[in-house]
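The chain contents come next:
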Amino acid sequence: MLKVTGLEKHYEGKPLLCGVSFTLAADETACLLARSGGGKSTILRIIAGLEQAESGQVIWDGQDLTDIPPHRRGFGFMFQDYALFPHLNVFENVAFGLRVQKLPPEELRERVSEVLEMVGMESFYERSVIDLSGGEKQRIAFARAIAPSPKLLMLDEPMGALDRTLRDQLLKDLQRLLDVTDVPVIYVTHDQEEAFAVADRIMILHDGHVVQSGKPQEVYSHPINIWTASFLGLNNQMDGKVSSLDPLIVDTPIGPLHIRNHAGGLLAGERVDLLVTDISVNQAGSEAPNSFSAEVTAQRFLGRDYQTSLLVANTWNAVITLDRFLPVGEQILITIPPVSIYTYTRGETHENCQE
Amino acid sequence: MASTLPFILPTVVVAAAFNALLGTSGWINLLLMRIFSLSQPPIQVFGTLGVIVLAHVFYNTSIFIRVVGTAWERLDPKIEDAARILSSSPWRTFLRVTLPLLLPSIVSAMLLVFLFDFTSFGVILLLGGVQFATMEVEIYIQTTQFLNLKLAGFLALVQLLFSIMITYLGKWLDEASFAPIMPVMSEKGLREPATFRKKAFVVTMGLLLVVIMVVPLAALILRATMVQTVGGSAGAFRFSSINFQRIFANERDALFFVPPFIALRNSALYAFAAMLIALSIGIFIVVGSGRSTRIRSIMDTMVMLPLGTSAVTLGLGYLIAFSGSRAMVVFYPFLIPVAHSLIALPFVVRIIQPAINAIPSNQHEAAVVLGVSQKKLWWMLDLPIIRKPLITAAIYSFAISLGEFGATTFLSRPEIPTLPVAIFRYFGLPGRENYGKALAMSVILLAACAAGFLIIENLQETQGLD
Numbered sequence: 001m002l003k004v005t006g007l008e009k010h011y012e013g014k015p016l017l018c019g020v021s022f023t024l025a026a027d028e029t030a031c032l033l034a035r036s037g038g039g040k041s042t043i044l045r046i047i048a049g050l051e052q053a054e055s056g057q058v059i060w061d062g063q064d065l066t067d068i069p070p071h072r073r074g075f076g077f078m079f080q081d082y083a084l085f086p087h088l089n090v091f092e093n094v095a096f097g098l099r100v101q102k103l104p105p106e107e108l109r110e111r112v113s114e115v116l117e118m119v120g121m122e123s124f125y126e127r128s129v130i131d132l133s134g135g136e137k138q139r140i141a142f143a144r145a146i147a148p149s150p151k152l153l154m155l156d157e158p159m160g161a162l163d164r165t166l167r168d169q170l171l172k173d174l175q176r177l178l179d180v181t182d183v184p185v186i187y188v189t190h191d192q193e194e195a196f197a198v199a200d201r202i203m204i205l206h207d208g209h210v211v212q213s214g215k216p217q218e219v220y221s222h223p224i225n226i227w228t229a230s231f232l233g234l235n236n237q238m239d240g241k242v243s244s245l246d247p248l249i250v251d252t253p254i255g256p257l258h259i260r261n262h263a264g265g266l267l268a269g270e271r272v273d274l275l276v277t278d279i280s281v282n283q284a285g286s287e288a289p290n291s292f293s294a295e296v297t298a299q300r301f302l303g304r305d306y307q308t309s310l311l312v313a314n315t316w317n318a319v320i321t322l323d324r325f326l327p328v329g330e331q332i333l334i335t336i337p338p339v340s341i342y343t344y345t346r347g348e349t350h351e352n353c354q355e
Numbered sequence: 356m357a358s359t360l361p362f363i364l365p366t367v368v369v370a371a372a373f374n375a376l377l378g379t380s381g382w383i384n385l386l387l388m389r390i391f392s393l394s395q396p397p398i399q400v401f402g403t404l405g406v407i408v409l410a411h412v413f414y415n416t417s418i419f420i421r422v423v424g425t426a427w428e429r430l431d432p433k434i435e436d437a438a439r440i441l442s443s444s445p446w447r448t449f450l451r452v453t454l455p456l457l458l459p460s461i462v463s464a465m466l467l468v469f470l471f472d473f474t475s476f477g478v479i480l481l482l483g484g485v486q487f488a489t490m491e492v493e494i495y496i497q498t499t500q501f502l503n504l505k506l507a508g509f510l511a512l513v514q515l516l517f518s519i520m521i522t523y524l525g526k527w528l529d530e531a532s533f534a535p536i537m538p539v540m541s542e543k544g545l546r547e548p549a550t551f552r553k554k555a556f557v558v559t560m561g562l563l564l565v566v567i568m569v570v571p572l573a574a575l576i577l578r579a580t581m582v583q584t585v586g587g588s589a590g591a592f593r594f595s596s597i598n599f600q601r602i603f604a605n606e607r608d609a610l611f612f613v614p615p616f617i618a619l620r621n622s623a624l625y626a627f628a629a630m631l632i633a634l635s636i637g638i639f640i641v642v643g644s645g646r647s648t649r650i651r652s653i654m655d656t657m658v659m660l661p662l663g664t665s666a667v668t669l670g671l672g673y674l675i676a677f678s679g680s681r682a683m684v685v686f687y688p689f690l691i692p693v694a695h696s697l698i699a700l701p702f703v704v705r706i707i708q709p710a711i712n713a714i715p716s717n718q719h720e721a722a723v724v725l726g727v728s729q730k731k732l733w734w735m736l737d738l739p740i741i742r743k744p745l746i747t748a749a750i751y752s753f754a755i756s757l758g759e760f761g762a763t764t765f766l767s768r769p770e771i772p773t774l775p776v777a778i779f780r781y782f783g784l785p786g787r788e789n790y791g792k793a794l795a796m797s798v799i800l801l802a803a804c805a806a807g808f809l810i811i812e813n814l815q816e817t818q819g820l821d
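Chains as they are written, first to last, in our numbering: chain G, 1 to 355; chain X, 356 to 821.
Calculated directly from the structure, the hints in this document are not laboratory data. Incorrect hints may appear among the rest.
What the hints assert, rightly or not - Under the rule of at most 25 Å between Cα atoms (straight-line distance), these lysine to aspartate or glutamate pairs were calculated in the DMTMM-like manner:
1. K554/X x E51/G
2. K3/G x D436/X
3. K554/X x E54/G
4. K151/G x D436/X
5. K553/X x D278/G
6. K553/X x E12/G
7. K526/X x E493/X
8. K102/G x D436/X
9. K554/X x D67/G
With the rest of the complex left out, here is chain G (with noise of 0.2 Å):
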């Protein structure tokens, strides 16, 4: 359906996008995940013609897009702070995009009252946006963007502008509706919860390039590179040398590690990056490989678990999720199984944007 291929775009003299490509499939909500900055609502206004990429096409159906105006993609965007007309009200703010496909006034009205009985706001036709709380705003916006059917939904940061408590909600309101609306959804992010909770699949934007892209768990599980997994919050990383390929033996600051996980390509010797993904803790007694002193050296009540900051083998910090409380100063053994951990190996960075 849509194809984006080699995106590339400047802002302030800086390169911003360096060759953006993917494909977007019929019914597939896919959310781009990048930092504050990193390009990803350009993309959007790219794809939506009101902006213009430096070279790069934006393609659907097999027709390249690059000299339609935006009027005429028939696309669907909802800005990030939603970009309400001010001076309509509800009904014509949601009816703006079928008065100009110049529906007869029985079907427009019907039209308007399905989508805004699909986001629960059919009691609020008459209502000057101006007076609408943030969660109302982004229901009328989406109502906005989805009543003229586009063929394409884009979502600028929808959860932007909303507290933490709204979001929760609407967030789980929002994944209905997408369910429910079976058009191809590019959905824009900064928080990896979000996309998580809305996203068929994931597209992570980095120094101007799609760098991973695939379905949540996976990208969750298997992250690219270190970078990824930073992003990701995976933050139980350590540095180490490869001594032996066959078993798989790295050396590590808190000693050699066993790792059963890899794919190939490393040379004996190398420095590698290592993401752990999992860290057990031992009953007493085991004596199972990659096993560990640890000390407990903070405790954070999450609700139901307990976030445990750990001092492995006095050296290497991490960060566990434990269901029970442990004493600050406790010492416990741990164990890191094998099979989670991962190996990149070093300035595999993407290459940069020529200058």
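With chain G fixed as given, assemble chain X onto it according to the hints.
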């Protein structure tokens, strides 16, 4: 934006500029005489509706650009983007979204323009349009020529009533506009013209602006700094400072035995005094009304009244209040600066108030907790924060006083003229020398205002937080 310069230009300068361009000794006539070897100036625009309208367009365009342009700049471009994505063509987007959103500012600019032209005085008087007299000019004529203070007073009352009505209408419109809900974005709404058509449009409008704004002022400056070489009216021109030298020459035969530079000195002194008075009262009002919304709304109306009232009405009021009394003798030196400061006051308050209100109250609380006494707050916190707006307000009030003509015509004595009054008189006198002096003085006034304007623009650019 340079288009705001005319806004603070004194009426006499504008009139002088149009005189230098279109007057009997103005450029266009001189050029036509030369090309067609005429002995008489072919164009007689003085006292015609055309030149009066043209001079007002000069003022009004800047008001319009200022008011509507500011609103447009603040319009979030995403609102237009949203319309475009909802399949609305650029033209339709303009009609259905942009225009409705700008409507309040357009109406408010129209009201402002109406008010300014309604109370227009100096331009009409100086461009010889007595038969097109506005109420202001009529008040002036009734007062100074027929000494009919009763009729003048009645006209002033009617005028006042009208002005207040329009001012209130404007205020009501302001509140009814979408301004508060529109996201305030300074200059984010500005976009580069992208396509050739857009660029062509921008260039055309720019040229049009240059014609309306720059040409008259350039004509004034060149007419004042160039003299005809000997050899008749159709002769060539050369640069000369003779007109400026004449201002400072102490000619005993000068008008009322007052050399022009005395008028310059008088104006500077008055302007300085008016500035001090306006600033003191302005600060007092802004700080005094504080954050209480009710007091502020009452104060607002009171302070803004002089803006609605015309300078002529103000001058007449002062004249009636003080004339013939002993007080006149004592107060006379203060009358003009006080009247000027009253005219400048609305501007001063409007400039300082937002700056003071923008100081978050927790900033005061933070300072108090850190051990600053309430008394010191003003000196340690508020004053440094509003330093730049204060300078802006000072320049504004100085420039307003320097160029004030309406009220001054009622209050100035023949032997103590101000610069605009002297310019008016010299334009009324026959002779090339007097014409030259009037032009030179206008250029000085223009230069002073332009300098002030440049400083203000510079201050606003370097303004950190806002």
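Pairwise hint evaluation, E12/G against K553/X, where the allowed Cα distance is 25 Å at most:
Measuring from Cα to Cα gives roughly 22 Å; hence the hint holds.
Holds or violated: are the alpha carbons of K526/X and E493/X at most 25 Å from each other?
violated, 28 Å
Are the Cα positions of K102/G and D436/X separated by 25 Å at most?
holds, 20 Å
With a cut-off of 25 Å on the C-alpha distance, tell me whether K554/X and D67/G pass.
holds, 19 Å
Between K3/G and D436/X, is the straight-line Cα distance small enough, at 25 Å or below?
holds, 22 Å
K554/X and E51/G: Cα distance at most 25 Å?
holds, 17 Å
Between the alpha carbons of K554/X and E54/G, is the straight-line distance 25 Å or under?
holds, 20 Å
Check whether the Cα positions of K151/G and D436/X lie no farther apart than 25 Å.
holds, 18 Å
Quickly compare the C-alpha distance for K553/X and D278/G to 25 Å and report which way the hint goes.
Measuring from Cα to Cα gives roughly 59 Å; hence the hint is violated.
Going down the numbered hints, you'll see the structure goes against 5, 7, while the others check out.
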